[in-house]
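**Student:** What follows is the residue order along each chain.
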Amino acid sequence: MSLEIALRHRQGDFALDAAFSCAGGITALFGRSGAGKTTLVNLIAGLERPNGGGRIAIDGRVLVDTDAGLFVPPHRRRIGYVFQEGRLFPHLDVRRNLLYGRVFARDRRDAIAFDEVIGLLGIGDLLDRRTGGLSGGEKQRVAIGRALLARPQVLLMDEPLAALDAARKEEILPYLERLRAQLRLPVVYVSHALPEVLRLADQLVLLEEGRVRAAGPLADLAATPGLLPADGEGHEAGAVLMAEVVGHDGDYGLTLLRTPAGPVRVPHLDHAPGSRLRLRIRARDITLALGPPGDTSALNVLPGMIAAIGGAGRGPGDAMVDLRLDFGGAALLARVTRLSVDRLGLAPGVAVYAMVKAVAVAGRDFGGRPVSDPAGG
Amino acid sequence: MFVLTPEEITAILLSLKVAAVAMAASLPFGIAVAWLLARRDFPGKALVDALVHMPLILPPVVTGYALLLLFGRRGLLGGWLGDQLGIVLAFRWTGAALACAVMGFPLLVRAIRLSIEAIDPRLEAAAGTLGAAPAFVFLTVTLPLMLPGILAGMVLSFARAFGEFGATITFVSNIPGETQTLPTAIYVFTQVPGGDAQALRLTLVAVAIAAAALIGSEILARRVGRQVRG
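Protein sequence lines correspond, in order, to chains A and B. The numbers in the numbering used here rise by one with no breaks, and the one at position 289 of the first sequence is 289. The numbers in the numbering used here rise by one with no breaks, and the one at position 195 of the second sequence is 195.
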């Protein structure tokens with residue numbers, strides 16, 4: 001299943017000009033407020049018409065082609081949409097909300113089972129409730145279920161967590177992780193919150209002022225120096241690494257992980273062997289050495305090569321530089337001083353040893369792809 | 001004193017019939033016009049809006065006379081309706097219903113229009129993304145959410161029709177058994193010597209019917225309101 005998009009749209013002073021495609025998994029449309037993310041998903045859903053021309057196709061089925069005068073209305077697109085505010089029907093109870101779109105998907109042989117969706121989202125207890133009494137998190141889960149039961153070919157999610165507090169977000173994220181693993185459904189996930197994106201996305205489309213600044217696998221873009229903004233919400237530059245639990249070392253309380261960059265040991269994690277995780281390694285938690293470090297307390301020393309040096313930070317006063325490290329396909333980001341770069345003669349192509357001081361688990365890939373796939377998508 | 005004469009019963013039943021028919025017949029038009037005014041922009045919208053509200057502002061006698069000019073036997077439309085379709089409204093109870101419907105129409109449209117404007121169009125957009133065609137969205141989302149407004153409009157329209165006097169008496173006169181409604185009957189009784197008792201009896205009946213209608217609609221409105229609020 002693939003979604004191809006090329007759109008131009010103008011709204012007052014704002015101009016959107018975006019082209020990208022996404023396959024299975026979660027594609028995050030990431031950018032700050034006003035970057036055109038919601039306009040873009042509204043255009044994909046057919047809630048707005050592109051006034052500057054464009055084309056949208058799913059698996060070759062053309063939904064919009066302004067040159068051919070083609071515009072498929074929203075209800076014939078089979079594109080699900082989970083809105084920021086849920087938009088549950090207030091006059092229907094939860095069950096009827098969930099079943100609303102099922103009428104139109106009845107003839108489809110691949111129709112997803114009602115019980116499966118209920119189970120996946122944990123909303124079995126809510127079925128007979130009215131929507132007014134639901135919490136924000138419950139509403140969003142019902143909205144996701146409603147969209148899924150209409151059996152879309154693509155699911156759009158427009159900041160489904162933005163209206164929720166941190167606790168409610170944590171309540172929903174595991175459900176989204178499970179959805180990604182269990183449904184072979186391409187999801188376009190709009191967000192301006194990087195932690196969410198790093199946790200969920202397989203691919204990333206970085207939107208800036210209506211234009212696509214970068215698009216590609218998340219693990220690749222996260223390790224590109226200077227690309228993802230350090231936002232005020234505690235995000236720092238750093239890479240995402242897919243990992244699989246190999247085993248536990250009970251004596252020392254450590255968990256051994258396999259990653260495409262090499263074996264990694266971390267303090268004990270409560271996940272069974274075979275579990276797939278996402279690791280987050282901040283750029284400032286990596287120290288570089290030119291040769292194999294001898295006696296060091298660092299557990300994780302990964303041999304790799306410098307792939308690129310961040311262009312920014314070359315002026316006086318900018319002490320730090322971000323480097324992209326390559327580990328046979330997997331990439332990490334390291335932050336070192338400019339002084340060290342010059343002293344050690346660090347340049348693209350130089351072999352280095354990366355000593356990783358801290359590893360955080362960013363999320364869990366239920367099912368998911370095998371870890372040997374370095375790009376994660 | 002509380003034994004109603006056959007003449008009085010006829011007037012009461014006729015009033016109820018005229019008001020009910022006026023309300024029911026104008027409802028689909030009321031919903032359509034309210035929806036057009038609330039959701040669509042079209043040339044002449046201000047004119048339609050003004051025309052709908054006209055009976056609210058004009059003296060009822062003027063409205064009744066206008067109806068007579070339009071729908072009388074030799075009226076602009078009345079002649080054609082009578083010759084081609086055999087529909088005669090002048091001096092018939094159907095004419096009374098038309099007069100009542102016209103008088104109640106602005107109230108009907110206003111109430112429904114307000115309820116449409118209160119509906120979040122994003123809910124309808126959401127229904128569209130779930131696969132529902134626009135007509136289905138209207139029937140399953142818009143219409144149910146309009147229900148409180150429709151109900152309020154029906155009550156207002158019925159009440160207006162039940163009490164209508166000026167336009168009715170001008171358009172269809174005051175023929176016992178055909179066009180003599182409760183208000184016109186009361187009026188007649190107050191004009192004849194010794195009619196006071198009859199006028200009072202009918203007045204009390206009018207109060208009772210109005211109170212019953214109000215209470216009934218209030219109960220219904222509460223139930224519907226609970227349904228819609230979610």
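For the record, the hints were derived by calculation from the structure and aren't laboratory data. Being a predicted model, the structure only gives us computed values, none of them experimental. Every residue gets a Cβ at the ideal spot worked out from N, C-alpha and C, and that includes glycine. Hints may be right or wrong, so weigh each one.
With beta-carbon atoms standing in for the labels, derived distance ranges [claimed, not checked]:
{"hint": "1", "chain 1": "B", "residue 1": "K45", "chain 2": "A", "residue 2": "L70", "range": "26 to 34 Å"}
{"hint": "2", "chain 1": "A", "residue 1": "D128", "chain 2": "B", "residue 2": "T203", "range": "47 to 55 Å"}
{"hint": "3", "chain 1": "B", "residue 1": "R122", "chain 2": "A", "residue 2": "N51", "range": "17 to 25 Å"}
**Student:** A separate judgement is required for each hint: does it hold in the structure or not?
**Tutor:** Quick rundown of the hints versus the structure:
As the Cβ distance of B/K45 to A/L70 is approximately 31 Å, the hint placing it in 26 to 34 Å holds. Between A/D128 and B/T203 the CB atoms are about 49 Å apart, so this pair conforms to the stated range of 47 to 55 Å. Distance hint check: the CB atoms of B/R122 and A/N51 are about 21 Å apart, consistent with the given range 17 to 25 Å.
Comparing the model with each numbered hint stated earlier shows that all of them hold.
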